[in-house]
Each structure stands twice: as structure tokens, then as C-alpha cells.
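There are 6 protein chains.
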Amino acid sequence: MDTIALVPNNSLITETPEEGRQLAVKLARLIVKLTQPDEEKRKQLREVYGNDAMMLIAIGQTVATEFATIAAANNYWKELGNE
Amino acid sequence: MDTIALVPNNSLITETPEEGRQLAVKLARLIVKLTQPDEEKRKQLREVYGNDAMMLIAIGQTVATEFATIAAANNYWKELGNE
Amino acid sequence: MDTIALVPNNSLITETPEEGRQLAVKLARLIVKLTQPDEEKRKQLREVYGNDAMMLIAIGQTVATEFATIAAANNYWKELGNE
Amino acid sequence: MDTIALVPNNSLITETPEEGRQLAVKLARLIVKLTQPDEEKRKQLREVYGNDAMMLIAIGQTVATEFATIAAANNYWKELGNE
Amino acid sequence: MDTIALVPNNSLITETPEEGRQLAVKLARLIVKLTQPDEEKRKQLREVYGNDAMMLIAIGQTVATEFATIAAANNYWKELGNE
Amino acid sequence: MDTIALVPNNSLITETPEEGRQLAVKLARLIVKLTQPDEEKRKQLREVYGNDAMMLIAIGQTVATEFATIAAANNYWKELGNE
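Protein chains in written order, with the working numbering: chain L, 1 to 83; chain F, 1 to 83; chain Y, 1 to 83; chain Z, 1 to 83; chain B, 1 to 83; chain X, 1 to 83.
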């Protein structure tokens, strides 16, 4: 049941914040896919949460948490002389 | 479907905490936009959450999480001799 | 629409933990204000969440998240020899 | 309205993890008190959340977040040679 | 009312990740116990959340947050040369 | 009641991000198992949350939090010269 890849390219490292953000979205979606492997059902559920204000906010919360990890893994893309 | 930019200017670095906070709000909104690309529907949903106390609180939670990452990326705007 | 100041004094640095906590509360409230600019509606919503146990808990969660960032920015007000 | 003290003793530093945990509980409760200053209403709300499984879990989440900050401020009570 | 011990052994330090995880569960449960001291009521509430999918997920979220603190306090059990 | 192993192999260290992600999923599931030890009931609950959009999002949030800890424990798999 857990045989889908959960981390694309098996790495948290990205070139840019934009790519890091896209990775955060993918990580979040892959957990949904792992939990509900049926594509047809996921499609129906997307219809549900795309039209529900509270769920849209909750998706944002999950992506924000994934992104925090990715951003730290990339040392926030090293633009500051953080030490 | 993922072709909108998710990180404005492709950077987490801002001049000030105020700009960092504005970026946090934008990051949160762009995930909503990615998940519900239809502008008309988003407008309706905004009406919903702008008048729902629990949703307003939840939006605050999401922005707080995004801001935590941005603030760390900027080394909290370095006003203390942290090191 | 985003023209209110989101970070009072444009700084996360405070003299004391108490002031840091007050700042956390303000940051959280300013996101509510940004999302629902109508003062009359916010007043009605305050009445709602002030009398709803779950919402009071959720407000606490949001303030706790904001405070985590502020406390880190202030190096936890430096009372320990952290380094 | 914000005139109650939000951080007892104006410090995050405690002698022990146990005291740190008690402080986390107090910080969480003081935000509830700030948001709903009426003691009688708070008493009624306590009756509500003390008997609601989901609210008890949510209180745990808020305390956990406050405690994370306090524990870091105390450098996790310095029992390990972390560096 | 706050006279129960909130941190077993008054320490976050454990020998192993497994013991750290057990401590995270205990910390979460002790907040429930503090908030609802009546054992009979807690027993009824356990029956509720043990059979409610959303509450089981929420419990997992709380334990995850407690564990994050404990794991950091133990320097993630020092298996890596983290520097 | 707490006699199941909560951390497989009693370690947070994994070879790769992919394995770290799988561990995050396992940690989250083991808390569900600890809280609801009856396999038949868990099976019914899985049916519930696999078809509920909000619960799928909440599962993602919990896994994201577990993963944050695991990723930090592995120093984000050391691909960057972070220091």
C-alpha cells in the first residue's frame, strides 16, 4: 500500500524558493494519494475542498508546515550571510 | 495547473518585518489560488470566511506559520546580536 | 486592501517577554483586520468567538505560533547563557 | 482591555521542565482570559470544554505549542551538552 | 487544581526515541487530565475519541508537537554528528 | 496498553528523505493504533477518513509535523554544507 514515492527525486533540496514551494505542495498531495489511492475518489474530494473555504485554509496550513521543513533544509536558499 | 508563481520574486528575503508579513499573507493566498483557480469562486469563498469567526482565526494560524519561516529566513531582521 | 500596517513599529524586537506576548496578540489581530476590514463586522465576530470555547482555544493556538517567532527573534530574552 | 499580565513574572525561564509546563498552561489560559475577560462566562466555557473530547485535544495542542517555546528558551533545561 | 505532575520525572531527557515517544504521549494525556480531572468523565471521553476518525488524527497532531520538543531536547538522540 | 512499539527500529535516522517520509507516516499511524487498538474499528475509521476531504487534509498536517522532526534529526539528509 505504501509503494508510491512520497518524496519526488528523493530530495528536499531545490534550486529556488519557488521550486521549494512546489515541492511542499507535492509532498502534501502525495500523503492524500497514499491515504486515498483511488483516483476517482480523490477527484470527487478535490471538488469538495476546492469549494469549501475552511478546507482551503486547512490546505494552506499543511503546505505551510511542509514548506517550513523544505526551506530549512535549503538553509532558506542562502541569500543571507546567516553565519 | 501549477503554473502560477507561488513565491513572489522567488525569494523569502525582505527588507523589513512588515514586508515579511505581507509576503506571508501572499504565500498563503497563492496556495488558495492554486487549489481554487476560479476567481469568481474565490470571491464567493472570501465572503464566507470574512464573516466566519473560526475561519478568520484559522487564516491567522496559516499566516503565522508562513511568517515563522520567512522570519527565520531573514534571521529575524537581525536587530539583536544573535550570534 | 493591504494598506494597514501588519507589524507595529515594523520590528519583532521587544524589551520583555510581556511586550513580546502583547505583540503576538497584535500580530494575530491585524491579520483578522486585514481579512475583515469592516470594524462593525469584526465587533460582531468578537462577540461570537468570545463565547465559543473552541474558538477561544483556537485563538490561543494562533497566538502561541506568533509568539514562538517573536521569542526566537528576541533570542528568548537572553536570560540563559544559550551559547 | 490588554491590561492583564500575559507572562507571569515577565520571564520564560523556569527552574525545571515541570515549572515550564505549568507556565505553558498559564500562558494559554491568559490568552483565553484576555479574549473573554468575564470570569462567569469563562467558568461556563470551562464546563463546555472539560466535557468535549475534541476541545480537550485542542487544548493539548495549544499547550504543546507554548511549551515548545518555553523549552527552547530554557535550552531544554540544559541537561545535555548540546554543543 | 494544578497539583498533578505534568512532566513525569521532571525531565525531557530519555534514553531512546521510543521512550521519547512514550513521554510525548504522557505529556499530552496529562494536559487532558489537568483540564478534566474526573476519571470517570475522561473514560467516557476516551470512548468518544477512540471511535472518531477526526479526533484520532487530532490526537496524532498533538503528540507530534510534543514529540518535536522532546526530540530536540535530546538532540535527536545524537546519532548524527550534527556538529 | 502502551506496549506496542511507537518508533520502528527505535531510531529517527533514515538513509533518505523517502524513508524519512515513510517513517513519518508510520509514527502517525502508530499513535492511532495506540489510541484505538481494535483493528476492526481502525479499519472502519480508515474508510471514514479516506472519503472525507477535511480528514485527509488533517492527516497531511500530522504527517508534515512528524516529518519536520525526522528531517531535522537527519540534518535534512546532509546534502548542503549547512555550516
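In short, the hints are calculated from the structure, not lab data. Hints may be right or wrong, so weigh each one.
As the list claims (entries may be wrong) - Straight-line Cα separation of at most 30 Å, DSS-like style, residue types lysine-lysine; simulated pairs:
1) 43(Z) with 26(B)
2) 26(F) with 41(Y)
3) 78(B) with 26(X)
4) 33(Z) with 26(Y)
5) 43(B) with 78(X)
6) 26(X) with 43(X)
Unchecked claim - To spell it out: a stretch of chain F is covered by chain L in this simulated footprint if at least three of its residues, at any positions, have a beta carbon under 8 Å from a beta carbon of chain L; those stretches are:
7) 16–23
8) 31–43
9) 48–62
Nothing here was measured: the structure is a model prediction, and the numbers come from that model. Backbone N, C-alpha and C fix where the C-beta goes; we use that ideal spot for every residue, glycine too.
We went through each hint and held it up to the structure:
1. 43(Z) with 26(B): Roughly 27 Å between the alpha carbons, so the hint for residue 43(Z) and residue 26(B) holds.
2. 26(F) with 41(Y): Judged against 30 Å, a Cα distance of about 23 Å means the pair holds.
3. 78(B) with 26(X): 21 Å, holds
4. 33(Z) with 26(Y): Holds - the C-alpha atoms of residue 26(Y) and residue 33(Z) are around 16 Å apart, at most 30 Å.
5. 43(B) with 78(X): Roughly 45 Å between the alpha carbons, so the hint for residue 43(B) and residue 78(X) is violated.
6. 26(X) with 43(X): 16 Å, holds
7. 16–23: Not satisfied, violated; 0 residues make the cut.
8. 31–43: Contact hint for the segment 31–43 of chain F vs chain L: holds, 6 residues under 8 Å.
9. 48–62: holds (count 9)
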